[in-house]
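Colleague: Here is what each chain is made of, one letter per residue.
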Amino acid sequence: MRDNSEALEEAVSVESADKVFNSGSDNEVQALLGIDLNVKEGDFISLIGPSGCGKSTLLRLIADLLSPTAGEVKVFGKTANQARLDQDYGMVFQHSGLFDWRDVSANIELPLELKGWSKADRHVRSREMLKLVRLEEFKDYYPRQLSGGMQQRVSIARALSFEPRLLLMDEPFGALDEMTREHMQVELLRIWRETGTTVVFVTHSIPEAAFLSSKVVVLSPRPGRIHSEITVNLGNRTDETREDPEFFQATTEVREALRAVEAN
Amino acid sequence: MKKNRLASVLPPVIVGIVGLALWEGTVTVFGIREILLPKPSSIWAQLFEKWSVLRHATWETGKISVSGLLVGIFLGVLMALIANRFKVLNDGFTPLAIAINATPIVALAPIFNAWFGITGTFSNQAVVIAVVFFPVFINTAKGLNEVHPNEIELMQSYAASEWTILREVRIPNALPFFANSLRLAAPLSVIAAIVAEYFGGPQDRIGTVITSSAGFAKYDVAWAAIAMASGLGLLLFGSALVTERLSMPWRISGDIKDN
Numbered sequence: 001m002r003d004n005s006e007a008l009e010e011a012v013s014v015e016s017a018d019k020v021f022n023s024g025s026d027n028e029v030q031a032l033l034g035i036d037l038n039v040k041e042g043d044f045i046s047l048i049g050p051s052g053c054g055k056s057t058l059l060r061l062i063a064d065l066l067s068p069t070a071g072e073v074k075v076f077g078k079t080a081n082q083a084r085l086d087q088d089y090g091m092v093f094q095h096s097g098l099f100d101w102r103d104v105s106a107n108i109e110l111p112l113e114l115k116g117w118s119k120a121d122r123h124v125r126s127r128e129m130l131k132l133v134r135l136e137e138f139k140d141y142y143p144r145q146l147s148g149g150m151q152q153r154v155s156i157a158r159a160l161s162f163e164p165r166l167l168l169m170d171e172p173f174g175a176l177d178e179m180t181r182e183h184m185q186v187e188l189l190r191i192w193r194e195t196g197t198t199v200v201f202v203t204h205s206i207p208e209a210a211f212l213s214s215k216v217v218v219l220s221p222r223p224g225r226i227h228s229e230i231t232v233n234l235g236n237r238t239d240e241t242r243e244d245p246e247f248f249q250a251t252t253e254v255r256e257a258l259r260a261v262e263a264n
Numbered sequence: 265m266k267k268n269r270l271a272s273v274l275p276p277v278i279v280g281i282v283g284l285a286l287w288e289g290t291v292t293v294f295g296i297r298e299i300l301l302p303k304p305s306s307i308w309a310q311l312f313e314k315w316s317v318l319r320h321a322t323w324e325t326g327k328i329s330v331s332g333l334l335v336g337i338f339l340g341v342l343m344a345l346i347a348n349r350f351k352v353l354n355d356g357f358t359p360l361a362i363a364i365n366a367t368p369i370v371a372l373a374p375i376f377n378a379w380f381g382i383t384g385t386f387s388n389q390a391v392v393i394a395v396v397f398f399p400v401f402i403n404t405a406k407g408l409n410e411v412h413p414n415e416i417e418l419m420q421s422y423a424a425s426e427w428t429i430l431r432e433v434r435i436p437n438a439l440p441f442f443a444n445s446l447r448l449a450a451p452l453s454v455i456a457a458i459v460a461e462y463f464g465g466p467q468d469r470i471g472t473v474i475t476s477s478a479g480f481a482k483y484d485v486a487w488a489a490i491a492m493a494s495g496l497g498l499l500l501f502g503s504a505l506v507t508e509r510l511s512m513p514w515r516i517s518g519d520i521k522d523n
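If you're matching them up, the sequences are chains L and E in order. The first sequence: position 81 = 81 (our numbering), numbered continuously. Remember, our numbering sits 264 above the position in the second sequence when you count from 1.
Any given hint could be a false lead.
To be verified - Cross-link-like lysine to aspartate or glutamate pairs, in silico, EDC-like; alpha carbons within 20 angstroms at most:
#, chain 1, residue 1, chain 2, residue 2
1, L, K115, E, E508
2, E, K351, E, E288
3, L, K74, L, E41
4, L, K119, E, E432
5, E, K406, L, D100
6, L, K115, E, E415
7, L, K74, L, E9
8, L, K139, L, E113
9, L, K115, E, E417
10, L, K115, E, E426
11, L, K40, L, E28
Everything labelled a hint here was simulated from the structure, so no lab data went into it. The model shown is predicted, which means the values in this text are computed figures rather than measured ones.
Input sequences plus hints: build the corresponding full structure.
Modeller: Below, the structure is given as structure tokens:
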């Protein structure tokens, strides 16, 4: 789908980043401390940790929705700010963030519209994206008419519509029921393989992190620090993978790291 | 769908007709004097007899209500947009507006007469504008503000300007809130105009027809004028509903899909 010939090694690099909220006031919070993180192009990495560990904050530093108090964040070798202005990444939240007043096609086309694409080009691309997320027949529906899982698929289609090389996801399946969630995970892996996009995925689900990622980054809370990085290699994953001993081993490893974090 | 609509319209129509019949019957059977409570048939008769006066009065009052409503909406929306742009103004003005909205603004009518003159129509119009402004401002400002944080972050991730966020997210988000305020403000505008007319302004209005008829003990005429005023209020309320429907097609959504 994309020309990878001039692919860069580093998609994301975070160097000794700190984030302090309400600096200087009584409710000052050290959200992140000394974060070093490297994400290679084509990687699928998950950020996991107990609530308050700053995993969503870290994602927002990469997205340049927040600025680090200290340290440096680079995306594809540029400053995070430049990467945001260049729209080098797409973003998916737990709240699908679809606009009620736009039908499915118009929601997917929103970022293209803002970039000034012609109507015809937008249509072509939104058709492709609907095909990618397998929702072709719902293009004229309004978001309220769709189930939660379908809404998240539209949200993913929208995030990928302008072919960003990086996809940032903040607990995108957190509000879905377990069966839909597992189905969406398989779908996301298929999309990831088909598009070659780099993914940084925030979750609090152990099996989700183990199933999806090539690397699970475990964070510890107060202040948020990287506790450990666990490499997972499950190869081509299907629903059957969830019953494999390798998958069990990966979840156990992540679970033990999280227990160690909690024990601190 | 057609069947449903008929099923929802029929019960209130039946209750209304039965109510009118009971009213007529009670007044006749118990010999209640027309001066206390005229029969619906007498009121109906007055509607025909005094039609030209009533029609003219309704038209004039209607003009005040509608023009005041439109100006009030315009000012309310404009102020909501300004308050959304400048946080200081929002923090300072919005709580004040909510407090003022809880007061009986129509009580200002005699004061407005002193300010803007008792013979012209502007003091009546000013009461309507004041009554419409506050609910429109409060609701629209709320709709512009209450956007899910993720939706703002999403737009920022597209490097969208504040202006684009206003146009693409805040304004459409505020539409349902604005529509709710219209449902409130449209009938209020008629109430405000009539109450203002009780206190001053030209003499050929619904408000003055009601007070002068009541003064001459012609209660059937007063009731006929009240019926006209109700019709006007319903007409404006209906227009608010139609506007709501037309401006937000996505709200008439079909069934939820399961998957």
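Colleague: Are K115 (chain L) and E508 (chain E) close enough, with their CA atoms no more than 20 angstroms apart?
Modeller: The hint is violated at about 31 angstroms.
Colleague: CA of K119 (chain L) to CA of E432 (chain E), is that 20 angstroms or under?
Modeller: Holds, at about 17 angstroms.
Colleague: K139 (chain L) and E113 (chain L) were given as a pair; does the straight-line alpha-carbon distance stay at or below 20 angstroms?
Modeller: holds, 17 angstroms
Colleague: Is K115 (chain L) close enough to E417 (chain E), meaning Cα to Cα at most 20 angstroms?
Modeller: holds, 17 angstroms
Colleague: Compare the distance between the alpha carbons of K74 (chain L) and E41 (chain L) with 20 angstroms, and conclude whether the hinted pair is satisfied.
Modeller: holds, 13 angstroms
Colleague: Compare the distance between the alpha carbons of K74 (chain L) and E9 (chain L) with 20 angstroms, and conclude whether the hinted pair is satisfied.
Modeller: holds, 12 angstroms
Colleague: Check whether the Cα positions of K115 (chain L) and E415 (chain E) lie no farther apart than 20 angstroms.
Modeller: Within the cut-off at roughly 18 angstroms; holds.
Colleague: Verify the proposed pairing of K406 (chain E) with D100 (chain L), using a straight-line Cα cut of 20 angstroms.
Modeller: holds, 17 angstroms
Colleague: Measure nothing beyond the straight line between the CA atoms of K115 (chain L) and E426 (chain E); if it is 20 angstroms or shorter, mark the hint as holding.
Modeller: holds, 15 angstroms
Colleague: Mind checking the alpha carbons of K40 (chain L) and E28 (chain L) for me, to see if they're no more than 20 angstroms apart?
Modeller: Distance ~33 angstroms between K40 (chain L) and E28 (chain L) Cα, so the pair is violated.
Colleague: Are K351 (chain E) and E288 (chain E) close enough, with their CA atoms no more than 20 angstroms apart?
Modeller: Violated: K351 (chain E) and E288 (chain E) sit about 58 angstroms apart, past 20 angstroms.
Of the numbered hints given earlier, the model fails hints 1, 2 and 11; all others are met.
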